[in-house]
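**Student:** Given next are the chains, with one letter for each unit.
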Amino acid sequence: MSLPATPRNVIVVAGAMALLLALVVLVSLSMGAVHLPLSGVWRALASRGGNSEAAVIVLEIRLPRILLAILVGAALSVAGTGLQALLRNPLADPYVLGISSGAAVGAILALWIGGRVAAASPLAAFIGAVLTMVWVYLLGRRGGRLASYTLILAGVITASFLSAVILFMLTLLSTRDVRGIAFWLMGDLSVAPLTELRILAPAIILAIAGLYVFAKDLNVLLLGAEEAAHLGVNVGRVEMGVYILASLLTGIAVSASGAIGYLGLLVPHLGRMLVGNDHRMLLPTAAFGGAILLVLSDTLARTALAPAELPVGAVTAVAGAPVFIYLLRKTAG
Amino acid sequence: MGKGEIHGRLSGTNSQGRRRVLTCVLAAMLSILLPAAASPRIVKDQTGRMVNVPEKPQRLVSLAPNITEIVYALGLGDELVGDTDYCDFPPQAKDKPHVGTMVNPSLERIVALKPDLALGTPEANRRETADQLERLGIPVYGVTASTLEGTLASIEDLGKILGHEAEAKNLVAQMQARIDRVEKPLEGQSKPKVLFVVWYRPLITVGPKTFIADVIRAAGGIPIGEDLKGEWPRLTLEELLPENPDVILLPKTESFSPSLEEFQSLPGWKDLRAVKERRMFFVSESIMRPGPRLVDALEELAAILHPRRP
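As you go down the protein sequences, you meet chains R and B in turn. Residue numbering for the first sequence follows our numbering, starting at 1 and increasing by one per position. Residue numbering for the second sequence follows our numbering, starting at 1001 and increasing by one per position.
Treat the hints as calculated values from the structure; they're not laboratory data. Beta carbons: idealized from backbone N, C-alpha and C, even for Gly. Some hints could be false.
Residues from chain B that keep clear of chain R, each with C-beta distances beyond 10 Å, as calculated [said to hold, decoys possible]:
(1) Q1046
(2) P1054
(3) L1076
(4) V1099
(5) T1101
(6) P1122
(7) E1123
(8) R1126
(9) E1128
(10) E1156
(11) D1296
Now the stretches of chain R that chain B is said to cover, found in silico as 3 or more residues with beta-carbon under 8 Å [said to hold, decoys possible]:
(12) 170–176
(13) 249–262
Put together the whole structure using the sequences plus the hints.
**Tutor:** Here it is in structure tokens:
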């Protein structure tokens, strides 16, 4: 299905998805390892505080997780959409360029050094992501420009190398630290205090908005770099802008919650099935779609085997695989 | 008194008056601060964190099986309102509300139990869990033990902060007596080399600084791998063969029960003295828990390593 991306249509679609997200959030707030009656959840939300354990559970445990899931889900999905356009490759995902491995190395290094540096491991992870972004750019550019072919190769090589470094460091860390890192490597939405969210939210929203500025250019870029240049697109600037913004979105997301897979790969495709290839419509769809999917995955992760919590990265993978297979067969047939 | 004198007193224009005012102010400040300092108190736990422990904790959550055992042994079974899915001793612990796994307990379940103190150990729990619980207003007290003595110290420490110091001292004295009864006859005896197998494919053993290694030493054995690093170091068969342990110990757990015959057919293993002489033994799981039953494990081990003791 392909909806013409008129401003009215975009607003209608975005509005509908926002409503769906709100519904999903309300449902997720009322689900968890502890059974809370709906009235209790309402009261907790309405009173915005108080010391009842329902209020603590809803406002201080579930709500930050859900908010983080919205931000990370949107960030990874939009980054994936941008990268698939930039690299003209439907298999591209936010991790193919090595950003998540770079973030992991940063976090593990912080833990290794230990002490107060360890406490700042999200920041160390972000620094690792940014350094990797710069490195892959320097490695993958050709003639002063980003060439999708060499960029992918540079990214894949860097990701493999960094993964090996991670494994090496894991063997040297004490068992206790490995346990902590393993959760981070599998994705963990539970470690975000509200104060951290106050920094993450504007950063992610700004970066997504920034990518949206390039939406029309991304449509043209899909035709090919030369064709786009002929049509008046400043290819160099667009490629650089999309690369930086997509990498930043990935770096922020991974620093906050570890490497949650499949979203960045799947959601753009799901979005294309729903609303077509026009990025002016696709980007907001991917953002909301990713948010909805990750909130649902996280709710499933913390209720399926309660009180045990599944790592959310595992749930997105297990849930994502059948969806992906279905998509594959539908587009092939 | 005339107005002038009162003014003089209040404004402290004479030094006597000034000192009196100062004393009054100081006394007022102290009397405000003191009750706050009396309860709850801020103590340093065994991992070095500063914890806000309530005066007499009434609702405890245990985040590790060995802590659950200690809590019951101190007579605080009724005060325990929640434990992990793996807390199986004493049997009553299985009926307590569960909060999940040690590595990733459900914060919601813990909060719903309204504990005033959570007890954890860095050997099983993550630092992030402790931080998250603190942020939710639940203090977390950590214990840790890397030796037999350390386990006794943990029990005493928990007894102190939980207000059951007498029971703790009693229990520790009993445990120490049993330890002495094991160690004394073994002085001067030859000590067999012991390999403790945590996992065999690949071979993982215990590091020299773990409490398991310490129990082996107390039972009159020499744990192999004195220069290995870490808590659960990997050992290649190449490194194992020259060590040639006299005895091989395997913990008897539900998930890990290879048959002894299996080992006799494994390459490299079958050349070991311990395998050839069939000196391979299962030991009960309590050796993996730094708690009151560690002494049971010690006695069991001593009987295996030195069977001809009186």
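**Student:** Look at each hint and say if it fits the structure.
**Tutor:** Hint check results:
no., hint, in the structure
1, Q1046, "holds, 14 Å"
2, P1054, "holds, 16 Å"
3, L1076, "holds, 22 Å"
4, V1099, "violated, 6 Å"
5, T1101, "violated, 5 Å"
6, P1122, "violated, 5 Å"
7, E1123, "violated, 7 Å"
8, R1126, "violated, 5 Å"
9, E1128, "violated, 6 Å"
10, E1156, "holds, 24 Å"
11, D1296, "holds, 25 Å"
12, 170–176, "holds (count 3)"
13, 249–262, "violated (count 0)"
Comparing the model with each earlier hint shows violations of hints 4, 5, 6, 7, 8, 9 and 13; every other hint is respected.
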